[in-house]
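Residue numbers (my numbering), protein chains in the order written: chain S, 1 to 206; chain A, 1 to 206.
Just to be clear, a hint being listed does not mean it is correct.
Remember, identical chains collapse to one label, so a pair may be satisfied in a single copy or spanning two.
[Unchecked claim] In silico SDA-like links for lysine to any residue, alpha-carbon gap of 20 angstroms or less:
id, residue 1, residue 2
1, Lys157, Leu202
2, Lys157, Glu201
3, Lys48, Ser34
4, Lys104, Val186
Hint data in this document are derived by calculation from the structure and do not stem from the laboratory.
Protein chains: 2
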Amino acid sequence: MFMARPISDPLKKPSRELLLEAATSLIRMNGYTSTTVDDLCEKAGVSKGTFFHNFSSKEELAVAAANRWSKMTSEFFRSAPYHQKKDPLERVLGYVRFRKEILKGDLADFTCLVGTMIQEVYSTHPEINKACFDSVFQHAENLEADINEARKLYCPKAKWTSKSLALHTQAVLQGSFILAKASGDVRTAAESVDHLENYIELLFKK
Amino acid sequence: MFMARPISDPLKKPSRELLLEAATSLIRMNGYTSTTVDDLCEKAGVSKGTFFHNFSSKEELAVAAANRWSKMTSEFFRSAPYHQKKDPLERVLGYVRFRKEILKGDLADFTCLVGTMIQEVYSTHPEINKACFDSVFQHAENLEADINEARKLYCPKAKWTSKSLALHTQAVLQGSFILAKASGDVRTAAESVDHLENYIELLFKK
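Could you put the whole structure together from the sequences, leaning on the hints where they help?
Structural data, given as structure tokens:
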């Protein structure tokens with residue numbers, strides 16, 4: 001006699017994913033150290049046994065959350081409309097304008113998981129810091145390719161490097177999140193991104 | 001008969017100051033939440049009783065450390081040589097160049113106490129966040145005065161506000177610290193500050 005296999009609910013997310021979502025949300029709001037395994041289990045609605053079935057430690061979960069963040073943000077930006085522009089400078093400016101557009105909702109909705117973690121872990125948790133570094137610096141590399149094309153086209157003799165400008169955009173964004181958190185006012189972040197856009201326009205002035 | 005008063009060693013710092021120094025050093029390295037009262041007592045070389053004689057909680061110490069940071073940094077920048085320049089634009093550029101010059105030593109030596117704390121406390125510790133906000137935004141106000149003079153002199157019709165540019169300099173600095181922490185390389189911070197200097201030169205181009 002055949003035993004029917006238990007059919008898992010296709011709408012129910014796996015516990016691992018629920019824990020990664022909980023980590024992303026809680027760490028963006030309260031930081032890495034403040035967020036306990038108990039908090040993560042409660043938010044994800046899973047037992048502690050399930051946590052340790054999926055991750056050997058909070059640190060391992062944080063590394064996985066940073067890697068998932070890299071994957072998610074990379075898909076999110078790759079599918080954004082500004083990528084369709086033919087002019088590479090329009091893609092660069094489109095990226096910056098898009099970053100401004102998505103400054104919406106609660107602070108924990110638009111601020112950066114990995115930028116937040118770096119502050120807490122850089123000297124104590126090298127594996128988490130490495131995953132955060134990869135996330136920010138690989139994201140910058142995607143932009144660097146567009147900057148490089150624009151640079152060749154409009155200012156091939158410029159003294160600055162495409163890499164340094166790509167990283168500068170990330171510095172402005174990360175710093176603008178800190179100002180928004182301090183003031184509780186997203187406009188402080190938006191105004192800094194406006195200055196970044198203005199800088200890029202001045203740099204490439206034709 | 002006169003009793004000689006016990007003479008305190010004028011070279012020995014008071015416990016309160018030792019605890020504030022310990023907080024500044026440990027929080028810049030490991031973050032606010034990671035730093036325990038025990039860590040602070042050990043670093044300061046004082047007993048737990050002495051800690052609670054001076055501060056009712058770690059939170060109260062963090063507020064005092066942020067206020068001390070504001071006072072210290074404000075005196076430090078006020079006495080910096082760039083303040084002597086007559087041209088307000090030279091003072092603004094001098095500030096940015098000075099910020100680059102002092103990117104030296106270990107990460108915890110040049111990164112920002114209050115910028116680090118904001119990330120961890122903005123949603124959970126409003127009093128610490130308020131002290132950090134005051135520190136960053138009052139520091140920006142000092143620069144805003146110079147920017148405003150330079151703006152009146154060189155580009156009175158500019159569309160940007162002096163306040164937004166002053167805050168933008170802080171965003172770049174805070175973000176550049178995050179990149180330096182992630183990469184362990186101070187040059188990523190310095191290159192971002194170079195872009196900031198370049199931006200200000202382009203904005204005020206005579």
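Hints, one by one, checked against the model:
Within a single copy, Lys157 and Leu202 get their C-alpha atoms as close as 15 angstroms, and across copies as close as 17 angstroms, so both meet the 20 angstroms cut-off. For a Cα distance limit of 20 angstroms, the shortest separation of Lys157 from Glu201 qualifies both inside one copy, at 16 angstroms, and across copies, at 18 angstroms. With identical chains, the CA atoms of Lys48 and Ser34 are at most 20 angstroms apart within one copy only, with a shortest distance of 17 angstroms there and 22 angstroms across copies. For the homomeric pair Lys104 and Val186, the shortest alpha-carbon distance inside one copy (8 angstroms) is at most 20 angstroms, but the shortest distance between copies (32 angstroms) is not.
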